[in-house]
Every structure is written in C-alpha cells, then in structure tokens.
Amino acid sequence: MLNNNIDINIKNKKGEMYMKIVGIAACTSGIAHTYIAKEKLIRAAKALNHEIHIETQGTIGTEDELSTKDIKEADVVIIAADIKVGGRERFKGKKVIDVSTDIVIKAPKALINKIQQDLGL
Amino acid sequence: MFKKLELKKHAMTGISYMLPLVVASGLLIAIGNLAGGNPSVISDYKSSYNIWQAAVSLGVFGMGLLPAVMGAAIAYSIADRPGIAPGLLMGMIANAMGAGFLGGMLGGYLAGYFVNYLKKTIVVPKWAQGLLPMMIIPLVSSVVIGLVMFFVIGRPIAVASASLTHMLNNMQGGSKAVFGAIMGAMAAFDFGGPVNKVASLFADGLLLQGVYGPEAIKICASMIPPFGVTLSWLIKRSRYNKGESDNIKIAFPMGICMITEGVIPIAAVDPLRVIFSCSFGAAIGGMLIMLLNVGSPVPSGGMFIVPAMQNPFGFLIALSVGSIITAILLVALKKDAKEKIVDEEDVEEEVDLSGIEIK
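Quick note, the sequences are listed as chains A and B, same order. Just so we're aligned, residue 0 is where the first sequence starts under numbering that gives the first Met the number 0, counting upward by one. Just so we're aligned, residue 0 is where the second sequence starts under numbering that gives the first Met the number 0, counting upward by one.
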C-alpha cells in the first residue's frame with residue numbers, strides 16, 4: 000500500500016545527534032492503521048532528521064522486514080501495535096518502546112522527541 | 000493489575016487472526032445460499048452433492064472453527080506458542096457447548112494465563128526440559144482448563160449467549176431502533192478505533208449465534224462516515240481546504256471497501272463537528288437497518304458483499320439516508336475552511352506520553 004522507505008544518514012542542521020530507529024507497526028484489522036502508523040513514523044522521523052526503518056505486520060503478513068543489521072545498529076525499537084507482534088526476540092537487549100498505533104498516528108513527533116530526551120541522545 | 004493483563008490487546012489479536020476466516024466462511028455461506036437456493040449442508044459424503052452444498056458446508060466448517068481460532072489466538076497472544084494447543088481445544092469445547100464466541104474468548108484467556116503460570120512455576124530437571132513444552136504444558140493446561148470449561152463456565156456462558164440471542168431476535172419497534180442507533184453510533188464514533196472495535200466484537204459474536212442485524216449495522220456505519228464526508232464535499236466544496244479535498248478523494252474509495260480510516264485526517268482538523276455528524280448519520284443508518292430487518296452473514300467487505308445480505312435494498316436505503324444526514328450535518332455545522340496556514344505535519348494532538356516507558 001504505502002511503500003516508501005526513507006533512509007537518511009545525516010546529522011541535522013544544529014549538529015545534534017540523530018537516532019537510528021527501527022520499529023514494527025501492526026493493527027487489529029491489519030489493513031489501514033498499520034500502514035498509516037508506519038507512514039506517520041517515517042515522516043516524523045525524517046522531519047526530525049532521524050534514520051528509521053519500520054516493518055509492517057498486516058493481515059497480508061510481514062512486509063519490509065527489518066534486517067539484522069538495522070536492528071543491531073538501532074538506538075531504539077518502537078513497537079506501535081494494538082495486537083501481539085511476531086519476532087520480538089530479535090530485539091533482545093535493545094531499548095524497546097511499546098505504544099498503540101493510536102499514539103503514533105496522533106503524535107509521532109512528540110513521541111520521537113520524548114524518546115530522544117529519555118535516552119539522552 | 001488489569002492494565003498489566005492487557006486484556007484488550009489479546010482480544011484484538013484474537014480478532015485480527017479470526018477476521019479472514021470469518022470473511023471467507025461468511026461469503027461461502029452467502030454465495031452458496033444465493034446461487035444454490037439454500038442448499039442443505041452435506042451430511043453424508045458418500046452420496047452425491049453439488050457445488051453449492053460444498054460451498055455452504057465449507058462456510059459452516061469455518062464458522063464452527065471461529066471459537067477455536069479465537070481461543071487459540073488469544074492464548075497465543077498471552078503465552079506465545081504453547082498457548083495455541085490448549086486455546087484451540089477450549090474453543091472447540093465452547094463451540095460444542097453452544098458457548099460460541101464468548102466461550103472461545105474466555106477459554107483462550109484462561110488457557111493463556113494458565114500456560115504462563117505453568118511456565119513460571121514448573122521446574123523440571125535438565126533431562127526433562129524438552130518434555131515441558133512438548134508434553135507437560137499442553138497436557139496439564141488442556142486438562143485443567145478443559146475441565147473448568149466443561150463443568151464450570153461452559154454452561155452459564157451457553158445459557159447467557161442463548162438468552163442474548165433470543166432477546167435480540169425478539170426485539171420489537173422501539174428497542175430495536177434504539178439498539179440499532181447505539182450500535183451505529185458506536186461503530187462510527189472513532190473511525191475504526193477502540194470504540195468501533197467493541198461494537199465490532201459484539202457484532203462478530205452475534206454473527207456466530209446466527210444474529211445478522213448487528214453485522215449489517217457495523218458495515219453500514221463503517222461506510223457512512225466516508226460517504227457522508229464525500230457527499231458534503233460535493234455539495235459545498237468551500238467547507239474543505241485543498242489538503243482535505245485530496246484526503247476525501249482517497250477516503251471515498253477506501254469507504255467502498257469499508258475502511259473508515261480515510262476520514263481520520265478530516266476529523267482531525269475539526270473533530271467535534273465531524274465526529275458528531277458521522278455518529279449521528281450512522282445512528283440513523285443503524286436504526287434503519289434494524290427496522291428494515293437487514294442482516295449480513297459476512298462481517299467485512301463493504302459494497303462488494305451487499306448482494307450477499309438479507310434485504311440488500313434495505314441496506315442501500317439505510318446507507319444512503321445515513322450518508323445524506325451526515326453530509327447535511329457537515330455542511331450545516333462546519334465552517335468554511337481557511338486555506339491552510341500551517342503545515343498539517345506540524346500540528347499534533349496533545350497526547351499524554353508520560354506513561355510510556357523504555358524497556
């Protein structure tokens with residue numbers, strides 16, 4: 000459906016640290032919120048100059064699967080899901096944040112900023 | 000305590016695994032009945048049967064599996080893979096006892112939490128480690144929760160579902176209209192969000208009991224917001240700015256497929272008026288569905304499954320009236336849009352993020 004991966008790899012204008020974010024989006028019916036959440040996260044992260052990769056687990060199955068490299072390099076994992084997501088064991092030892100798709104759709108930037116603050120990056 | 004149990008997340012996982020099955024089964028039954036003139040379910044596979052009987056029988060299999068899939072998915076959501084076996088079995092018990100969907104859900108919860116409890120408490124010597132997930136957990140959880148289902152909670156749930164079904168089937172005039180209006184308003188209220196899912200869960204459960212009205216309300220109320228908004232845009236374009244107009248052009252085709260979420264960007268700009276107009280239109284639509292005795296054996300699929308409904312013409316009436324009312328309300332209540340000054344990406348809703356922890 001909505002399929003544009005945006006990867007950016009630059010420090011932002013003020014020279015602040017950017018984060019590498021990976022995440023999963025999954026909603027109940029698996030056809031709409033999942034992809035809206037992904038899009039919102041990617042756009043917000045791009046606007047804030049972070050690098051991001053989001054995997055979707057919709058009714059169609061897993062798409063844009065996170066690579067081991069992405070996960071290994073990530074500073075934080077955002078799981079935006081209303082249901083159980085598969086493959087959580089991949090994030091062992093990582094900093095993981097669980098939110099509903101709702102929060103990501105309503106306030107993606109606020110969420111990312113809060114995470115950055117909490118992590119002290 | 001309750002928050003930690005994450006009851007809702009597990010129920011949502013259950014629904015998400017069950018939806019494709021219920022859509023396939025419902026459509027098979029509907030198509031078989033429509034094309035084959037209400038064929039009987041195949042009872043003897045040694046004698047001959049036709050393709051419509053096969054379709055209906057397959058659909059009936061699917062419907063019978065729903066409590067099991069629901070139970071298994073909930074238990075899986077709670078306890079991961081070891082939950083699946085006992086969850087499936089609890090759903091089968093629920094189905095056999097007539098405790099249906101609700102029984103399957105409850106059995107799934109019990110099985111899942113019990114498996115988690117076993118995982119934590121049972122300690123086995125190293126050589127028996129393999130037996131734990133392979134034999135001990137599936138057996139013990141199935142026996143214990145199975146007996147609870149058979150002897151304690153199965154019967155009361157079966158009685159409760161039967162009386163609920165009876166009550167809904169025998170509703171008359173006023174109470175029917177009120178029920179339809181409440182269901183409709185709930186289903187449209189948050190455009191596919193949690194309130195909608197509660198109404199949806201209720202409708203899906205009743206579908207299994209053979210009550211088709213609420214399912215039709217759900218479908219109708221999911222389509223009224225996108226259709227109503229589109230109609231109001233056609234009537235008075237000045238109510239929407241360029242960005243919103245673009246969103247409406249996407250929301251409409253999504254609406255045809257029964258995806259309400261396309262309306263969210265429009266509601267986000269002016270939540271009170273849009274939510275009120277949509278819920279009100281959907282309430283009227285729901286009321287009409289009940290009064291016109293419309294029913295849908297299929298829980299999802301939008302315009303494409305209208306022919307499979309009971310009284311499809313009544314459905315179209317309810318849908319049109321609801322959408323027109325929503326459109327009129329929107330035109331009347333909304334103010335003309337200002338051309339957008341701020342980039343919509345910068346406007347975010349205030350959300351309390353304090354409860355979110357990094358683990």
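Treat the hints with care, since some could be wrong.
What the hints assert, rightly or not - Here are the simulated DMTMM-like pairs of lysine to aspartate or glutamate, each with C-alpha atoms no more than 25 Å apart in a straight line: (1) B:Lys8 to A:Glu88; (2) A:Lys113 to B:Asp351; (3) A:Lys91 to B:Asp79; (4) B:Lys8 to A:Glu72; (5) A:Lys93 to B:Glu356; (6) A:Lys108 to B:Glu347; (7) A:Lys19 to B:Asp79; (8) A:Lys108 to B:Asp189; (9) A:Lys91 to B:Asp189; (10) A:Lys105 to B:Glu356; (11) B:Lys7 to A:Asp101; (12) B:Lys8 to A:Asp63; (13) A:Lys113 to B:Glu347; (14) B:Lys8 to A:Glu62; (15) A:Lys93 to B:Glu348; (16) A:Lys113 to B:Asp79; (17) B:Lys3 to A:Glu62; (18) A:Lys91 to B:Asp269; (19) A:Lys108 to B:Asp79; (20) A:Lys108 to B:Glu348; (21) B:Lys125 to A:Glu88; (22) B:Lys118 to A:Asp97; (23) B:Lys7 to A:Asp74; (24) B:Lys8 to A:Glu50; (25) B:Lys3 to A:Asp97; (26) A:Lys108 to A:Glu64.
These aren't lab readings, by the way, just hints derived from the structure by calculation.
Exercise. Between Lys19 of chain A and Asp79 of chain B, is the straight-line Cα distance small enough, at 25 Å or below?
Worked result: Not satisfied, since the Cα-Cα distance of roughly 29 Å exceeds 25 Å.
Exercise. Does Asp63 of chain A lie within 25 Å of Lys8 of chain B when you go C-alpha to C-alpha?
Worked result: It holds: about 23 Å lies between the C-alpha atoms, which stays within 25 Å.
For this session: With a cut-off of 25 Å on the C-alpha distance, tell me whether Lys108 of chain A and Glu348 of chain B pass.
Result: holds (10 Å)
Problem set entry | Distance restraint between Lys93 of chain A and Glu348 of chain B, which requires alpha-carbon spacing of 25 Å or less | violated (29 Å)
Problem set entry | Holds or violated: Lys125 of chain B to Glu88 of chain A, with C-alpha atoms at most 25 Å apart | holds (23 Å)
For this session: Given the hint that Lys91 of chain A pairs with Asp269 of chain B, test it: the Cα-Cα distance must not exceed 25 Å.
Result: violated (42 Å)
Exercise. Is it true that the CA of Lys3 of chain B sits at most 25 Å from the CA of Glu62 of chain A?
Worked result: violated (29 Å)
Exercise. Is the straight-line distance between the alpha-carbon of Lys7 of chain B and that of Asp101 of chain A 25 Å or less?
Worked result: holds (14 Å)
Exercise. Is Lys118 of chain B close enough to Asp97 of chain A, meaning Cα to Cα at most 25 Å?
Worked result: Measuring from Cα to Cα gives roughly 23 Å; hence the hint holds.
Exercise. Under the criterion that the straight-line Cα-Cα distance not exceed 25 Å, is the pair Lys8 of chain B, Glu72 of chain A satisfied?
Worked result: violated (29 Å)
Exercise. Has the given pair, Lys105 of chain A with Glu356 of chain B, been kept, meaning a C-alpha gap of at most 25 Å?
Worked result: holds (18 Å)
For this session: Verify the proposed pairing of Lys108 of chain A with Glu347 of chain B, using a straight-line Cα cut of 25 Å.
Result: Cα-Cα ~8 Å, so holds.
Taken one by one, the earlier hints fail for this structure at numbers 4, 7, 9, 15, 16, 17, 18, 19, 23 and 24, listed in ascending order.
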